[in-house]
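Asker: For reference, the chains in residue letters:
There are 6 protein chains.
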Amino acid sequence: SPRYSNEIYKTANMPGVAVGLAYTYVGGDILFIETLLSEGKGELKLTGNLGNVMKESAATALSYLQSNAKKLQLNSEVFSQKGIHIHVPEGAVPKDGPSAGVTMLTALASAFTGRKVKPYLAMTGEITLRGQVLPVGGIKEKVLAAKRAGLKEIVMCWQNEKDVNEIDSNFIKGIDFHYVKTMQQVLELALV
Amino acid sequence: SPRYSNEIYKTANMPGVAVGLAYTYVGGDILFIETLLSEGKGELKLTGNLGNVMKESAATALSYLQSNAKKLQLNSEVFSQKGIHIHVPEGAVPKDGPSAGVTMLTALASAFTGRKVKPYLAMTGEITLRGQVLPVGGIKEKVLAAKRAGLKEIVMCWQNEKDVNEIDSNFIKGIDFHYVKTMQQVLELALV
Amino acid sequence: SPRYSNEIYKTANMPGVAVGLAYTYVGGDILFIETLLSEGKGELKLTGNLGNVMKESAATALSYLQSNAKKLQLNSEVFSQKGIHIHVPEGAVPKDGPSAGVTMLTALASAFTGRKVKPYLAMTGEITLRGQVLPVGGIKEKVLAAKRAGLKEIVMCWQNEKDVNEIDSNFIKGIDFHYVKTMQQVLELALV
Amino acid sequence: SPRYSNEIYKTANMPGVAVGLAYTYVGGDILFIETLLSEGKGELKLTGNLGNVMKESAATALSYLQSNAKKLQLNSEVFSQKGIHIHVPEGAVPKDGPSAGVTMLTALASAFTGRKVKPYLAMTGEITLRGQVLPVGGIKEKVLAAKRAGLKEIVMCWQNEKDVNEIDSNFIKGIDFHYVKTMQQVLELALV
Amino acid sequence: SPRYSNEIYKTANMPGVAVGLAYTYVGGDILFIETLLSEGKGELKLTGNLGNVMKESAATALSYLQSNAKKLQLNSEVFSQKGIHIHVPEGAVPKDGPSAGVTMLTALASAFTGRKVKPYLAMTGEITLRGQVLPVGGIKEKVLAAKRAGLKEIVMCWQNEKDVNEIDSNFIKGIDFHYVKTMQQVLELALV
Amino acid sequence: SPRYSNEIYKTANMPGVAVGLAYTYVGGDILFIETLLSEGKGELKLTGNLGNVMKESAATALSYLQSNAKKLQLNSEVFSQKGIHIHVPEGAVPKDGPSAGVTMLTALASAFTGRKVKPYLAMTGEITLRGQVLPVGGIKEKVLAAKRAGLKEIVMCWQNEKDVNEIDSNFIKGIDFHYVKTMQQVLELALV
Ligand SMILES: [Ca+2]
Ligand SMILES: [Ca+2]
Ligand SMILES: [Ca+2]
Ligand SMILES: [Ca+2]
Ligand SMILES: [Ca+2]
Ligand SMILES: [Ca+2]
Ligand SMILES: [Ca+2]
Ligand SMILES: [Ca+2]
Ligand SMILES: [Ca+2]
Ligand SMILES: [Ca+2]
Ligand SMILES: [Ca+2]
Ligand SMILES: [Ca+2]
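Chains as they are written, first to last, in the working numbering: chain X, 629 to 820; chain L, 629 to 820; chain R, 629 to 820; chain A, 629 to 820; chain E, 629 to 820; chain U, 629 to 820.
Looking at chain X on its own, in the form it has when it is part of the complex (with noise of 0.2 Å):
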């Protein structure tokens, strides 16, 4: 587990790459989001075998961040300029629902800002196009499978602050959660 740790590391050690936490049937499990930029028009192709509801959570990061361009000190005409392509591995399994929202949105700020996501830093959360984050569910399962793959932060919802609390706490020692309110504080601990 370190050593799986590690490799999260060096492979997600680039901008536009964040790791988010899935409920699948199968439990709970690690998840990257990559994001590529290139030369376009503002056009977004999602691939993983998304479904729907997880392809809105794109398009719904994509406009709070091209909407709050200059909090994050972005020039508001690249969103314009560029190609977006956003891919979630493992195409063999479907994925879907609101929860990879916080990461997606994290993965195109880093993509866009060219800044690095904070290493072993997971998160899981809804977002909303006003700037807030929402509770999501599986949240044990989710922080167990943080724990097994070696990541040492969280942050999730602050509503969601009572499932973690019912968790064993010997099963999550050494995991610092973030409990958050709004969007703009998921990029402020997220982006280095």
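Honestly, the hints are just simulated from the structure, not real lab data.
It is possible that part of the hints are untrue.
No copy labels: a pair is met if it fits in one copy or bridges any two.
With a cut-off of at most 30 Å between alpha-carbon atoms, the simulated DSSO-like pairs for lysine-lysine come out as follows [unchecked claim]:
1. 744 - 801
2. 801 - 780
3. 780 - 809
4. 638 - 790
5. 698 - 775
6. 710 - 699
7. 801 - 775
8. 710 - 780
9. 746 - 768
10. 801 - 673
11. 673 - 699
12. 780 - 699
13. 809 - 790
14. 790 - 669
Quick caveat, the model's predicted, so the values are computed rather than measured.
Put chains L, R, A, E and U with the ligands on the given structure of chain X with help from the hints.
Answerer: Only chains L, R, A, E and U with the ligands this time, still in chain X's reference frame:
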């Protein structure tokens, strides 16, 4: 519930956001309609796991506003110069039906005028292209959900007044009801 | 019912709105067809939970008007300079079939000419591209619904006259029937 | 039936309209193919509750005409300067199959040349891109329907002659049959 | 059958038409692939009740020709200046599978070069983007259908020779077989 | 099998073609990925009866190459100046899953650089947007199929080494295995 109400106030206190009322299979609920404008060409993006009828409400609201731009002191050219994104949070829940029409209308009008929506105000009602507000179902459940959430005013169609009158008045103390016939009345009540 | 009739008069008293008659699984009903024009390139937007056949009626009405622009003293260029939105209220109810054709035609012609539709007038009938009005079903139910709503004149295909003759004349006292062969006759009767 | 025949004559007596024969689950029937041209860019709009194979017949007819424009003394540029709408009335009835091909071809050729189709003439037959007319089914039912409607001439594929010969000659007295091999023969017979 | 063969010869004797062999649920059959070019921008229209795999064969044939234009002495610009329509008659019969690939290729090459296909020649075989002809199924049924239709030469993949060898030689007297490896060989054999 | 191997060599010996390994319901098989470039605007055409996940692999490979153009000494503008067609032969067989990712990548890189793929080399593995190669299933069946086909080297993810070690070494004598972590390693091994 006062705290929750306060939460709604704080997170919804920006142009482009309006509070609606929904009646789902688990009962009444409040619903945020969120709108962001960006540079664009009049394209309308709709997210939040919305069904076709709900998407049609957004298109109807937009056509109405475009056609009545002057009354709202809007430059009609703005509609072809913006990309419009409407999102309804809680992507895990499928949403449909025409009853969010007035809320769509209000959120869009708020986004285009820059005027915020009155705080602690919720609404429900179908809209038409000729400017009428039509009655909708689930009034009792919607009103009780508004009350639980700490909301203080509700706008609905005059033909729904009879449904409010059937609710035990003890349950809805402190809520002001506004019964309207036209979409223009909604906007006059809702935009501050 | 006189009050209801008055309501219809007031809310439908604007160019682009025509009253049709529908026969649904719950019986006869009246139906508003609403049209708004905006700056555009001839695109046709259709909302109101409409099936494909009903959408095709709108396309057929539009092509007919475009091809017969001169007769209506319309500049034929206007069709490529406007965006056209047709909406049929009560989004919760799926609607389909060809019988709203004459109403679609009338609402569109009213919107393009700026001439209102005669008050208290309803209509039902399929249209063709060569200008014919065809007979439709559910005449008895439609006529009784028009009577209940306080309407005073009904336009339909001459081949439907036999269906009206089968209705007990006590039930339809005070309604004037117009039996037509062509779409031009409909417009001459309907536009004031 | 003479009266009905007269009705067909009057309502179909304009360029762009041709009479076909259909064989549906309720028996043989006559079928109008209606074509209107407007300013456009060669786009083909098809309405009337048509299935994919019937829509493909229209596309095949159009490509053939475009490629054989000279033979019809048509300027080949006209095909990219018009919007083409083909409608088949009676929207409540789903229609499909290749047998309306010759009628589609004739209606289109009539619309583009401005030449009317010979009155009291019906036709049925599949078309190909290389100009052949192919045999179709339901000949007996189609021919009897044409007779009932007062039609006087029928065009079909030479390979369908054997099907006509099997019909009791008393039933089809007064109808002239034209057996053709090519689409050019159809147009020579049909356009006046 | 000599007469039928003669018919095939006469109706197929034009550039853009090639004869294939199909194996359907009713047995072997011959199949015409018809191609017409018109002014356009390289768009490919496919009709004749074709399944996706058969449509993909046409796209593959077109890409191959475009990429090997020089070998066929074609100006590569012609591919972006023409609209291409491929039709396979008998619209009532659904058609699918990769085995019409060589016939699609030949018909397209014939249309673009203006060279006719050798008369009394049929073919069957899958094609690839790198120019290979692959073996297909139903050889016995296809060959017997070609024989019945009076065809005299058949082109197929060298890996299908073993399937021909299994047919009683009395049944296929007078047919010449061409076993090929590449799409270039097909075109050299087929185009006159 | 030496003869078959030779066949593969000869038919695949051109830029744009790479050999993959598939695991279908009938067992392991080899798979050709074929790529042709033509004048275009960056559009990606995919044929060969491919499922959505396999199509997404192609899109991912293309975005990766576009974003890492410099490393491959490619002018990044070339991606918007070419039409790209990827075909996977044997159209009768539906194909899906992420395991052709490395082969898609290699075939595309080969087409864009003009460098051929090393002969007698096969590969299997999922790809990611950040350049990782991920493990896939069916290794035993794929390796045995490669052996039967006379292939001599196989590239796969380092996490699949354990699957190779479970195969009886007598069965895979003479095959060299390359275990990789990154897509860059694949391209260094594969392009000659
Ligand atoms: Ca996993
Ligand atoms: Ca997540
Ligand atoms: Ca809720
Ligand atoms: Ca609402
Ligand atoms: Ca009603
Ligand atoms: Ca009607
Ligand atoms: Ca009929
Ligand atoms: Ca016909
Ligand atoms: Ca046949
Ligand atoms: Ca064939
Ligand atoms: Ca194989
Ligand atoms: Ca592979």
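Asker: Look at each hint and say if it fits the structure.
Answerer: Going down the list of hints, with the structure as the test:
1. 744 - 801: The answer is within: 26 Å in one copy meets 30 Å, while 45 Å across copies does not.
2. 801 - 780: within (9 Å within a copy, 45 Å between copies)
3. 780 - 809: This pair counts as both: shortest intra-copy Cα distance 20 Å, inter-copy 24 Å.
4. 638 - 790: between (33 Å within a copy, 22 Å between copies)
5. 698 - 775: For residue 698 and residue 775, the Cα distance exceeds 30 Å both inside one copy (35 Å) and across copies (38 Å).
6. 710 - 699: both (19 Å within a copy, 20 Å between copies)
7. 801 - 775: Answer is within; shortest intra-copy Cα gap is 9 Å, inter-copy 42 Å.
8. 710 - 780: Neither, since 33 Å and 42 Å both go past 30 Å.
9. 746 - 768: within (22 Å within a copy, 39 Å between copies)
10. 801 - 673: neither (38 Å within a copy, 43 Å between copies)
11. 673 - 699: both (25 Å within a copy, 23 Å between copies)
12. 780 - 699: within (27 Å within a copy, 33 Å between copies)
13. 809 - 790: within (14 Å within a copy, 40 Å between copies)
14. 790 - 669: Neither, since 43 Å and 44 Å both go past 30 Å.
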